[in-house]
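A.B. asks: Chain residues, written in single-letter form:
Number of protein chains: 2
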Amino acid sequence: MPTITEPVSFTFRDEVRQSDVAAVRQLVHETGFFSSAEVDIAVELVVDRLEKQAASDYHFLFADQQPAEGTAGRVLGYACFGEIPCTVGSYDLYWIATDVQFQGQGIGRKLLQQAEERIRQRGGRHVYAETSSRVQYASTRRFYELRGYDAASTLEDFYGPGDGKVTYRKILPAPGQFALR
Amino acid sequence: MPTITEPVSFTFRDEVRQSDVAAVRQLVHETGFFSSAEVDIAVELVVDRLEKQAASDYHFLFADQQPAEGTAGRVLGYACFGEIPCTVGSYDLYWIATDVQFQGQGIGRKLLQQAEERIRQRGGRHVYAETSSRVQYASTRRFYELRGYDAASTLEDFYGPGDGKVTYRKILPAPGQFALR
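Here the protein sequences line up with chains A and B, keeping their order. At position 83 of the first sequence the residue is numbered 257 (this note's numbering), and the sequence of numbers has no breaks. At position 134 of the second sequence the residue is numbered 308 (this note's numbering), and the sequence of numbers has no breaks.
Keep in mind the hints are simulated off the structure, nothing from the lab. Be aware that a few hints might be false.
[What the hints assert, rightly or not] If the Cβ cut is set under 7 Å, some of the chain A residues that face chain B in the computed set are:
#, residue
1, F207
2, S210
3, A211
4, E212
5, V213
6, A216
7, L219
8, C260
9, T261
10, G322
11, S327
12, F332
Just so we're clear, the structure is a prediction, and the values are computed from it rather than from any experiment. Cβ coordinates follow ideal geometry from the N, Cα and C atoms, glycine included.
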C-alpha cells in the first residue's frame, strides 16, 4: 500500500540567498532531467542574480518548506524567469523544478501560477518555456499543456540528433482581466 | 545613369581587435535595422570575445577592406556565431551585417559562406538565424532563403505586437560531403 504523505506546508520567497546556489544545484541535479552543463547554467543564473541584484535579467521564486522551530526552511522547488532581451513583454520561464522527494503535491503548479502572476504584474504578455521533444519529457510537456500552454514551435534535432526543442507559449490575460482559475 | 562602382577588395579575419568594438557599433547602428538595445548586445558580444578570448562562446569573422598603403583596413562587414549552449552541433548565427555603403557587392553572402564553413569544421550540423516577421525585414528573410535556409518556425508577436520571430535553419553537409556551389 502506498504511503500517504501529509501535504507539505511551504511559503513563497522572491529574494535570492547565498544558500540558494547549493540548493538549486542539488535540486536540479537530483531531478535527473538535466545534463551537468544544464545544471551549471541553472546555478549561473542564481549567481548572476546574487551579483547584480535588481540589475539582473533573472527573477526567482522559491517554495520554502515551513521550517520546524530552530531549523532553516528547505527549498522544495523554484522558478526562474525574465523578460527576453529585445522583446516587449515576452518572458522566458528559464527554469522550474521541484525537489524529487516532494513532487506530485502541486508545488510546481503553484510556482508556475505565482511566476505567471509576477510576469503579468511586470507587464508581460507571453510566457515561453522550452523543453525537449524526447519521450522522457512527456510529463514536462503535459505539465505545460494542462496549464494553458500551447506548443508554438518545434525544431527537430535542435538539442541533438533525435532531440528536438518544443517551445511552449501561454498568452497571459491583460492587466485588469482575470484568468479563470 | 547609375554610378558603376568598382567591386571593393577585402580579406577575412577571424581575430577580434579592440578597434572592432567601435567598428561594430557604428556598422550595426548605421544599417538602420536594429534598436539601440540590439546594438548594445552586438557590441557586448565583441567585448565578451576580447575579454574571454578562446573561452568565449562567440566566434567572429570580419571582412576588412584591403587598406591603401599606410592606412588601416576598414571593417566592411562581419558575422558572429557560436554553438548554442546545451546543444550538440547547433550553431546560432547571432549577427551578420554589412556596412550600408558596401551592400549589394556580395560581402554578406561571402561572410555567410565562410561562417558556415567554419561552423562545419567545428562539427556544427545546423545553423540557426533569427529575424523579424515584419515587412521591413523581407530582404533579410530573402537573403537566408536564397542561401538554403528554411523558415523552421515562426512565433507570432514574439518581439512585440505584430512583430514575430522567424527562425531560419540550414542543415550543413556532413564533414567529407561537399555542398553544391
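A.B. asks: Tell me if S210 of chain A is really an interface residue toward chain B, meaning its C-beta lies closer than 7 Å to one of theirs.
C.D. replies: violated (10 Å)
A.B. asks: Could you check if A216 of chain A really has its C-beta closer than 7 Å to a C-beta on chain B?
C.D. replies: violated (11 Å)
A.B. asks: Against chain B, with CB atoms and a cut of 7 Å, does the hint on T261 of chain A hold up?
C.D. replies: holds (5 Å)
A.B. asks: Under 7 Å is the threshold here; is the Cβ of F332 of chain A close enough to any Cβ of chain B for the hint to stand?
C.D. replies: holds (6 Å)
A.B. asks: Please check whether S327 of chain A passes as an interface residue: C-beta within 7 Å of a C-beta belonging to chain B.
C.D. replies: Check passed: Cβ of S327 of chain A comes within 3 Å of chain B, closer than 7 Å.
A.B. asks: Regarding the hint that L219 of chain A lies at the interface with chain B, is the smallest CB-CB distance below 7 Å?
C.D. replies: Constraint on L219 of chain A not satisfied, violated at 12 Å.
A.B. asks: Is the shortest C-beta separation between F207 of chain A and chain B less than 7 Å?
C.D. replies: violated (12 Å)
A.B. asks: Take the shortest C-beta to C-beta distance between E212 of chain A and chain B; is it under 7 Å?
C.D. replies: holds (5 Å)
A.B. asks: When the nearest CB of chain B is found for V213 of chain A, is that gap smaller than 7 Å?
C.D. replies: violated (10 Å)
A.B. asks: Grab the minimum C-beta distance from G322 of chain A to chain B and call the hint holds if it beats 7 Å, violated otherwise.
C.D. replies: violated (16 Å)
A.B. asks: So, as I understand it, the hint says C260 of chain A touches chain B; can you test that by seeing if any CB pair is closer than 7 Å?
C.D. replies: holds (5 Å)
A.B. asks: Just to be careful: measuring from the Cβ of A211 of chain A to every Cβ in chain B, is the smallest value less than 7 Å?
C.D. replies: holds (5 Å)
Hint check: violations occur at hints 1, 2, 5, 6, 7 and 10; the rest are consistent with the structure.
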